[in-house]
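S.K.: Residues per chain are reported as follows:
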Amino acid sequence: KQEVTQIPAALSVPEGENLVLNCSFTDSAIYNLQWFRQDPGKGLTSLLLIQSSQREQTSGRLNASLDKSSGRSTLYIAASQPGDSATYLCAVRHGSSNTGKLIFGQGTTLQVKP
Amino acid sequence: DTAVSQTPKYLVTQMGNDKSIKCEQNLGHDTMYWYKQDSKKFLKIMFSYNNKELIINETVPNRFSPKSPDKAHLNLHINSLELGDSAVYFCASSQEPQSGNTIYFGEGSWLTVV
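Heads up: the sequence lines are chains A and B, in that order.
This note's numbering numbers the first residue of the first sequence as 33 and each following residue consecutively.
This note's numbering numbers the first residue of the second sequence as 275 and each following residue consecutively.
Source of the hints: derived by calculation from the structure; they are not laboratory data.
The structure presented is a predicted model; accordingly, all values stated were derived computationally and were not measured.
Virtual Cβ for every residue (Gly too), placed ideally from N, Cα, C.
Among the hints, erroneous ones may be present.
[Claimed, not checked] Just a few of them, taken from the derived set where beta-carbon distance is under 7 Å, the chain A residues facing chain B: (1) P72; (2) L76; (3) I82; (4) S84; (5) F136; (6) Q138.
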C-alpha cells in the first residue's frame, strides 16, 4: 500500500532563507510525482510535476527532485518570501498510467516571516 | 476563466439531508476526480471518472454517488448526510498527454453538516 509522508509538518523561516521540504513514499512504482501549494481556504495549485523517468524539475525559485529508488522527493525553495507562506503538498500518482490514484502526503505548512 | 469550477463553495446543512456538489471543467480533459480533505487536512481520493466511466471508487459509503453527464462535468450527490461528512470536497481534472499529466483542482466546496 502506497503511503506518502512529508517532513516537517510545519516550518517557520525568516525571509530570504533557502529551504527544503521533504517527501517520502513507500512504493517506488509511481507514474509521476507532483508538488502542490494550498493557501488557506483555497484549492490546490500545481507547482511542479516530475515524471517517473525524470530526476528534477525547476520553475523560478522552485526546484523539485525525485529519487524513485529511495522513495524520496525534495522541494527546494530559494530566497524565500512572505508570499511563499502556504501548505505544500506532495502527491504521487501510483501505478502505470495517468488514471492511477493520486496519493497525497499531509503537507508541510510553511511560514516565511518578513 | 476558471479551469475547474465547483458549486457551491460553502454549504451548511442538517443531518439526514441530501445535497449535491457540481463540478465543471473547461480544459477538455477526459479524467475527473473527487477528493475529500478532512479536518486534519489530509486529502484522499473518492472517485475518478475517465470519459464518463467510473475507474476509481475508493471505499466510500454508497450514500455518495458521483454522476458524470458528460466528460466536462462530474457531480457528487450525497444522501442522508452525517456529521462525519463535514469536510472540504475538491473536484479535479487531468489529461494525458497535453497537460503533461498535471492535475488541476477546483477551489473546493466546504460542507458542514450540523
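S.K.: Compare the structure with each hint and give your call.
M.R.: Verification of the supplied hints:
A least Cβ separation of about 10 Å between A:P72 and chain B goes past the 7 Å threshold, and the interface hint is therefore violated. A cut of 7 Å between beta carbons decides the hint on A:L76: the least distance to chain B is about 4 Å, and the hint holds. Annotation: A:I82 was flagged as interfacial toward chain B, and the flag is violated, the nearest CB pair being 10 Å apart, outside 7 Å. Evaluation of the A:S84 hint against chain B yields a violated restraint, the C-beta minimum of about 10 Å exceeding 7 Å.
At a threshold of 7 Å, the smallest CB-CB gap from A:F136 to chain B is about 4 Å, leaving the interface hint in force. Given hint, A:Q138 at the interface with chain B, holds; its Cβ is 5 Å from that chain's nearest Cβ, closer than 7 Å.
Hint check: violations occur at hints 1, 3, 4; the rest are consistent with the structure.
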